[in-house]
Amino acid sequence: MNNSKFILEFNNVSKFYDVSRNLKEILSGTKPQVKAVENVSFQISQGESVGILGESGCGKTTLAKLILNLLKPTQGQIFFEDIEINKLTERKKIIDYKKKLQFIFQNPYDSLNPRFSIKEILLEPLKSLGFEKIKYDEMISSVMRLVKLKNQEEYLHKYPHELSGGQLQRIVLARALIISPKFVVADEPVSMLDVSVRAGILNAFNEAKSKMNFTAIYISHDLALVKYVCERTIVMYLGSIVEDGPTDEVIRNPLHPYTKALVKAVPVPHVNQSHEPLPIKGNIPDATKVYKGCKFADRCPQAKEICFNDNPKLETKGQIMHKTACHFA
Amino acid sequence: MSILEIENLSIHYVSKTSTVKAVESASLKLLEGELLGIVGESGCGKTTLARSIMGVNPQAAEINSGQIYFEGNPLLKTSKKDFVEDYRWKKISFIPQSAMNSLDPVYRIIDQMREILVIRGRLSKKDADHRSEELFHLVGIDIKRLRDFPHQFSGGMKQRVAIAMALALNPKIIIADEPVTALDVIVQRQILDLFNELREKLNLSIILVTHDVSVVAYICQKVAVMYAGEIVEMGPVASILEEPQHPYTMGLNNAFPDLQSNDDFLVPIEGSPPNLAYPPTGCRFKERCPFSIKKCDEKPIRSFTSEKEVICWRADESKELQNESKKLTTWIVNE
Numbered sequence: 001m002n003n004s005k006f007i008l009e010f011n012n013v014s015k016f017y018d019v020s021r022n023l024k025e026i027l028s029g030t031k032p033q034v035k036a037v038e039n040v041s042f043q044i045s046q047g048e049s050v051g052i053l054g055e056s057g058c059g060k061t062t063l064a065k066l067i068l069n070l071l072k073p074t075q076g077q078i079f080f081e082d083i084e085i086n087k088l089t090e091r092k093k094i095i096d097y098k099k100k101l102q103f104i105f106q107n108p109y110d111s112l113n114p115r116f117s118i119k120e121i122l123l124e125p126l127k128s129l130g131f132e133k134i135k136y137d138e139m140i141s142s143v144m145r146l147v148k149l150k151n152q153e154e155y156l157h158k159y160p161h162e163l164s165g166g167q168l169q170r171i172v173l174a175r176a177l178i179i180s181p182k183f184v185v186a187d188e189p190v191s192m193l194d195v196s197v198r199a200g201i202l203n204a205f206n207e208a209k210s211k212m213n214f215t216a217i218y219i220s221h222d223l224a225l226v227k228y229v230c231e232r233t234i235v236m237y238l239g240s241i242v243e244d245g246p247t248d249e250v251i252r253n254p255l256h257p258y259t260k261a262l263v264k265a266v267p268v269p270h271v272n273q274s275h276e277p278l279p280i281k282g283n284i285p286d287a288t289k290v291y292k293g294c295k296f297a298d299r300c301p302q303a304k305e306i307c308f309n310d311n312p313k314l315e316t317k318g319q320i321m322h323k324t325a326c327h328f329a
Numbered sequence: 330m331s332i333l334e335i336e337n338l339s340i341h342y343v344s345k346t347s348t349v350k351a352v353e354s355a356s357l358k359l360l361e362g363e364l365l366g367i368v369g370e371s372g373c374g375k376t377t378l379a380r381s382i383m384g385v386n387p388q389a390a391e392i393n394s395g396q397i398y399f400e401g402n403p404l405l406k407t408s409k410k411d412f413v414e415d416y417r418w419k420k421i422s423f424i425p426q427s428a429m430n431s432l433d434p435v436y437r438i439i440d441q442m443r444e445i446l447v448i449r450g451r452l453s454k455k456d457a458d459h460r461s462e463e464l465f466h467l468v469g470i471d472i473k474r475l476r477d478f479p480h481q482f483s484g485g486m487k488q489r490v491a492i493a494m495a496l497a498l499n500p501k502i503i504i505a506d507e508p509v510t511a512l513d514v515i516v517q518r519q520i521l522d523l524f525n526e527l528r529e530k531l532n533l534s535i536i537l538v539t540h541d542v543s544v545v546a547y548i549c550q551k552v553a554v555m556y557a558g559e560i561v562e563m564g565p566v567a568s569i570l571e572e573p574q575h576p577y578t579m580g581l582n583n584a585f586p587d588l589q590s591n592d593d594f595l596v597p598i599e600g601s602p603p604n605l606a607y608p609p610t611g612c613r614f615k616e617r618c619p620f621s622i623k624k625c626d627e628k629p630i631r632s633f634t635s636e637k638e639v640i641c642w643r644a645d646e647s648k649e650l651q652n653e654s655k656k657l658t659t660w661i662v663n664e
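Chains as they are written, first to last, in our numbering: chain A, 1 to 329; chain B, 330 to 664.
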């Protein structure tokens, strides 16, 4: 049991959604499926911060939901501290698990109850996970300091509609951190916010991380933001991991053709930048398509015959710890 | 020659309880074949400004002062009927925010194209379909897909359809409101390249409204930076990005994530924009500005140089301020 140093482990995890569209498809048994996550394996060590990067529809949010045990995987196992989470049945153990893991949602306007005051919002996790009542005030004030909300008293009695987007996202952050979790999953936490406040939230997140030393998964479509938060980046394409490595390496020396295109496509705030066309064709295909070989082969400029017939494995190529799934990397 | 000129335009949203001064004395010029970016955060008035050119602001929006000229003709003096007849779609067309959702889900694309081409363009149905094919070809979509419904297209494709519609009647100006915001980076890049290509091919003038500095850096020639309803700085993209004179522009450049830089942190601008129902007297940025001085309580005077304009009392000290603005300690007050 207790043999690994990994806090989270994915073992060939898949999650398929049935999307039968009509009676004929259901009766004929040829159910089309969206393979939102397919055969994904990775390990995350204690204290690491990992960015999960990909375009919309690549399965990154499904992955987050799997980690949170909000979805059951179709195949494979997910271990959190060596416990297989989707086999948890005992209520006490589930609560233990929840105490260690917290989630930060994308849209702060939608993820806070409008009828709760800020104080009630922050008390909610404490109450439902059974923390001691005497500690409440102390926990609230320390977490408010952590997310840099000064004049606490002023905020605690306000309601969500009275705060700005940036302040709300700090509250969402505070609600996640108040129970001192060991693991935090953040799903695009700043994509709804304006540029000038984004930086503040990311800095608060980073600072909290170094103080509390939690492990973090940061889901984003923006490589430029991942760079500021994560030391390791996993790139996903159509439900599979195509590249996994240290963020700097992934940006400077991308191995997979998809990552190469992605890095090239990220706009930068400079005038002198290349306008050459991207080395990638077409659009993301229909998610129900079945693949024999590499999923990216249709759009890949380097694709050869082997790519259409044989699915490449995620293997270490180039630097240590820098893995990619490509025949020609 | 400038094809579009906005002069001293102020737009207020009037309600029973308050008046929100959404746009305040905005002036800008758009040259023929130019791609102008309007950049700013949410609520800075960039969309209101863009929509006023099309005359599609909601009723509560009152144009308080100013004039919009299209090739010298004052648009705000034209009656609504004449404006719709002569300008909308024909001279100036508009790609609304989230154009993807602005397509009617129950009509085929071809029927939606016909609506513009037959009703506004007075083409016969046959000519309209022919023109639709031409347009689809121009924006790079297979003409077989004309008979599809909007839900059968991906986000990037819908955006291309919206661009095709905007081009339907050969307008001279396209106003695009956040055309790439909801798209993935790769698709975003393709759409931006399309805009650039069309601009060159058709000699279009384009106004691109966005919150994304890097989009502006990628395709625009000129940029207007808006803050709290005012154009605080305007000029060629290179000089705005590299030698900003307004502290807000400096802060915005700092706060923007940059894949190529080696910094480990982003520098935020503390605080939030003022409530435009009660804008502060004097400079509207002074409460968040690290360089504010006493004089900022007075309304700053807009200063013009040959190609740039800026509204800040300390614009002539901008060299020193630029150096200061690169330091983290300038923007973050330590407790």
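Just so you know, these hints were derived from the structure itself, not from any lab.
Note that the coordinates shown come from a computational prediction; the quantities given were computed from them, not determined experimentally.
Heads up, some of the hints might be wrong.
What the hints assert, rightly or not - Some chain B residues near chain A, calculated using beta-carbon distances under 10 Å:
#: 1; residue: 347
#: 2; residue: 480
#: 3; residue: 484
#: 4; residue: 527
#: 5; residue: 541
#: 6; residue: 546
#: 7; residue: 586
#: 8; residue: 597
#: 9; residue: 602
All residues carry an ideal CB built from backbone N, CA and C; glycine is no exception.
Each hint tested on the structure:
With a least beta-carbon distance of about 17 Å to chain A, the hint placing residue 347 of chain B at the interface is violated under the 10 Å criterion. Annotation: residue 480 of chain B was flagged as interfacial toward chain A, and the flag is violated, the nearest CB pair being 12 Å apart, outside 10 Å. Satisfaction of the interface hint for residue 484 of chain B is found here, the shortest Cβ-Cβ separation to chain A being roughly 8 Å, below the 10 Å cut-off. Using the Cβ-Cβ criterion of 10 Å, the hint placing residue 527 of chain B at the interface with chain A is not satisfied: the shortest such distance is roughly 15 Å.
A least Cβ separation of about 7 Å between residue 541 of chain B and chain A falls short of the 10 Å threshold, and the interface hint therefore holds. The closest approach between the C-beta of residue 546 of chain B and any C-beta of chain A is roughly 5 Å, which is under the 10 Å cut-off, so the hint is satisfied. Checking residue 586 of chain B against chain A: minimum C-beta separation of about 4 Å stays under 10 Å; hint holds. For the restraint placing residue 597 of chain B at the interface with chain A, the shortest Cβ-Cβ distance is roughly 4 Å, inside the 10 Å limit, so the hint holds.
Here the hint on residue 602 of chain B is kept, as its CB sits about 9 Å from the closest CB of chain A, short of 10 Å.
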